[in-house]
Amino acid sequence: MPNLIQKTSVVTASLLALAFTMASAPARAGKTLDAIKTRGQLVCGVSSGVAGFSQADSAGKWSGLDVDVCRAIAASVLGDANKVKYVPLVSQQRFAALQSGEVDILSRNTTWTLTRDASLGLAFTGIIYYDGQGFMVPAKSKVKSAKQLKNATVCVQSGTTTEKNLSEFSRANNLNIKPIVFEKYDAANAAYFSGRCQAYTTDASGLASVRNKEAKNPAEHVVLADLISKEPLGPAVRRGDDEFFAIAKWVVFGLIEAEELGVTQANVEAMQKDSKDPAIGRLLGSSEDTGKLLGLDKEWLAHAIKATGNYGEIFERNVGPKSPLALPRGSNKLWSQGGLMYAPPVR
Amino acid sequence: MVSLTPPRPAPPEKDKTFSLHSRAFRGMVYQLLAVMVVVLLVWLLVSNTLANMRLRGIQSGFDFLMQPAGFDIGESWLDYDGTSPYWKAFLVGLINSLRVAVIGCVLATVLGTLLGIGRFSRNALVRGICYGYVELFRNIPLLLQLLMWYLIFIEYLPLHNQALSIGKAIFLSKNGLAFPSFDWTQGQLQFPAPGDMQIEGGATLSPEFMAVLLGLVLYTAAFIAEVVRAGIASVPKGQHEAGTSIGLSRSKTMRLIVLPQALRLIVPPLTNQYLNLTKNSSLAVAVGYPELVSIANTSLNQSGRAVECIAIIMLVYLLLSLGTSLLMNWFNRRVAIKER
Chain A
1 MPNLIQKTSV VTASLLALAF TMASAPARAG KTLDAIKTRG QLVCGVSSGV AGFSQADSAG
61 KWSGLDVDVC RAIAASVLGD ANKVKYVPLV SQQRFAALQS GEVDILSRNT TWTLTRDASL
121 GLAFTGIIYY DGQGFMVPAK SKVKSAKQLK NATVCVQSGT TTEKNLSEFS RANNLNIKPI
181 VFEKYDAANA AYFSGRCQAY TTDASGLASV RNKEAKNPAE HVVLADLISK EPLGPAVRRG
241 DDEFFAIAKW VVFGLIEAEE LGVTQANVEA MQKDSKDPAI GRLLGSSEDT GKLLGLDKEW
301 LAHAIKATGN YGEIFERNVG PKSPLALPRG SNKLWSQGGL MYAPPVR
Chain B
1001 MVSLTPPRPA PPEKDKTFSL HSRAFRGMVY QLLAVMVVVL LVWLLVSNTL ANMRLRGIQS
1061 GFDFLMQPAG FDIGESWLDY DGTSPYWKAF LVGLINSLRV AVIGCVLATV LGTLLGIGRF
1121 SRNALVRGIC YGYVELFRNI PLLLQLLMWY LIFIEYLPLH NQALSIGKAI FLSKNGLAFP
1181 SFDWTQGQLQ FPAPGDMQIE GGATLSPEFM AVLLGLVLYT AAFIAEVVRA GIASVPKGQH
1241 EAGTSIGLSR SKTMRLIVLP QALRLIVPPL TNQYLNLTKN SSLAVAVGYP ELVSIANTSL
1301 NQSGRAVECI AIIMLVYLLL SLGTSLLMNW FNRRVAIKER
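Protein chains in written order, with this note's numbering: chain A, 1 to 347; chain B, 1001 to 1340.
Bear in mind the hints are in silico, worked out from the structure with no lab data behind them.
C-beta atoms are modelled at their ideal positions from N, C-alpha and C, and glycine is treated no differently.
Please note that a few of the clues may not be correct.
Stated by the list, open to error - Here are the simulated lysine-lysine pairs, DSSO-like style, with alpha carbons at most 27 angstroms apart: (1) A:LYS249 with A:LYS230; (2) A:LYS178 with B:LYS1338; (3) A:LYS144 with A:LYS249; (4) B:LYS1338 with A:LYS142; (5) A:LYS150 with B:LYS1338; (6) A:LYS150 with B:LYS1237; (7) B:LYS1237 with A:LYS178; (8) A:LYS230 with A:LYS61; (9) A:LYS292 with A:LYS213; (10) B:LYS1237 with B:LYS1088; (11) A:LYS333 with A:LYS216; (12) A:LYS292 with A:LYS276.
Claimed, not checked - Negatives, chain A to chain B, calculated, CB over 12 angstroms: (13) LYS37; (14) ARG39; (15) GLY60; (16) ARG94; (17) SER100; (18) GLY101; (19) THR162; (20) ALA219; (21) GLY285; (22) GLY320; (23) PRO321; (24) GLY330; (25) GLN337; (26) LEU340.
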């Protein structure tokens, strides 16, 4: 849900485009997989630049947690993780872009909520990052806990669930917090770093990104320990296409299962040949053909793991302690290690 | 005498009796057809959009306006909080937009008029400054100007606990401009004072509001200055000379003779500038000022009712613009020269 560059004009334009696409040719449900195969490309809606989640480098190469989900799905469906077209979307555009068929999947750090799941014509396929909304304050500030933000001015980026959480937290604790809502990521950052706001709020992962990437000296800012909301982030697909919904869901489950079974990018080929473990055989298509049930080839998950590694590797590479974001694994550990990541069995 | 030009044919007799072959009837049929085509197109667009949204399980309708909005708004003249319904949030946004637009129009008119008159000054420096101002401000994109003023405010103003103050009554800081306000319930003046997190008490103009107002006023004033200059230039030179010949000073000639005549040429393009300023106020969203577009963006995201929220913005701006137009047209008729 941390959201970036947003332009009203873009929204209006996309809405008009939506209205016209709708007027001309409504996409038929259940055809996403065929469309991707005919096109030879997965069209993936991402955010236009959140460090660790989706960002393009100077050569235009995309990377990040959200991006790797798309790469894994493209590898499973098309056998090639590079056959992805990335469409950067501002947060007001994102649902319209998915609804109108402009993108096949929305992998854009989007919070799974009831309203979105039930009323926007889309379906969330799972959770790839358990996040929560937090606060960042200057290290020299007297504020040590979110509950001390009495009468404070707080910088927020618009277009997300953040504003509502902030308002509810403020009312519940009688804090009278005054939000200043910015349309643009850069403007919100500039306002916070200039001292206009006493605190900055967004998802904890977003705060880490702002602190480590945007601050002149990251040590001058601290992220408070309190989290005021649950922000489960995950990809979403259009509602009504159960076939593709299942694929998007099971690719992510497969990546989690791979971590659980110890299958990594490095050992996947060896495992495929030598492993006697029936669970690994099913996962990598060396014994049972699980791909057939999804309309994919036998080695669908092996392709994905070769391209991106298992969930743990994706996490470490993009946002983990050794990445520039340096986020602890926390709730995103496997269930077997005390975290929340749990995949139904691939069988 | 023989006329060289053939006699002009008499205009056709106005057909008093109604006939299916008359030009008037055909005209009516064409107009009716045109209207029907437009109505049909609009109906197609609306019904198709609605049908497709239903097909895709997207809920639509304006019923969400009655539900609690759930988000807070930084500045509000109404009694608003997160439990208030969406329609009230939109109303707060509208009032914030109007606040900037109305004050902006007044200030831009004053500044623009002064600059426009300055272009006719006998002092070369004044003429040069006015010329330079106009060319500078109207040629830099407004969004950049807004961002520039805002960054200047928040970068260079002191923190609230080191606020610049005048006699402990007026404080200027990153929190904005705080000044005493009159509390009607207690019947006494309330003075602002630095608190823990911000300047508390009194009334405050936020840096967001000031940046937006300043940006809009300076930008629009450059255009108004040109409108005023054109109006004054259109008054014949003889009017200046007539004023001088009856012994009026230059400033009195300008005020009593030239400006009233210039006004009727100034008012219609001035209306355009007011409309521009009102619509440009939607750029305020870039610097965090909670005007209508900003509120609508947030509402759009919370409720997912994209088409509805955009429709509300369009309708409100249309009504605002039509209202401004009506008012200015009325004023225009009043100042127009009446033939007696």
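Taking the hints in turn, this is what the structure says about them:
no.	hint	in the structure
1	A:LYS249 with A:LYS230	holds (21 angstroms)
2	A:LYS178 with B:LYS1338	violated (54 angstroms)
3	A:LYS144 with A:LYS249	violated (40 angstroms)
4	B:LYS1338 with A:LYS142	violated (69 angstroms)
5	A:LYS150 with B:LYS1338	violated (62 angstroms)
6	A:LYS150 with B:LYS1237	violated (65 angstroms)
7	B:LYS1237 with A:LYS178	violated (57 angstroms)
8	A:LYS230 with A:LYS61	violated (31 angstroms)
9	A:LYS292 with A:LYS213	violated (44 angstroms)
10	B:LYS1237 with B:LYS1088	violated (55 angstroms)
11	A:LYS333 with A:LYS216	violated (31 angstroms)
12	A:LYS292 with A:LYS276	holds (22 angstroms)
13	LYS37	holds (22 angstroms)
14	ARG39	holds (21 angstroms)
15	GLY60	holds (26 angstroms)
16	ARG94	violated (9 angstroms)
17	SER100	violated (9 angstroms)
18	GLY101	violated (10 angstroms)
19	THR162	violated (9 angstroms)
20	ALA219	holds (20 angstroms)
21	GLY285	holds (34 angstroms)
22	GLY320	holds (30 angstroms)
23	PRO321	holds (32 angstroms)
24	GLY330	holds (27 angstroms)
25	GLN337	holds (35 angstroms)
26	LEU340	holds (26 angstroms)
Hint check: violations occur at hints 2, 3, 4, 5, 6, 7, 8, 9, 10, 11, 16, 17, 18, 19; the rest are consistent with the structure.
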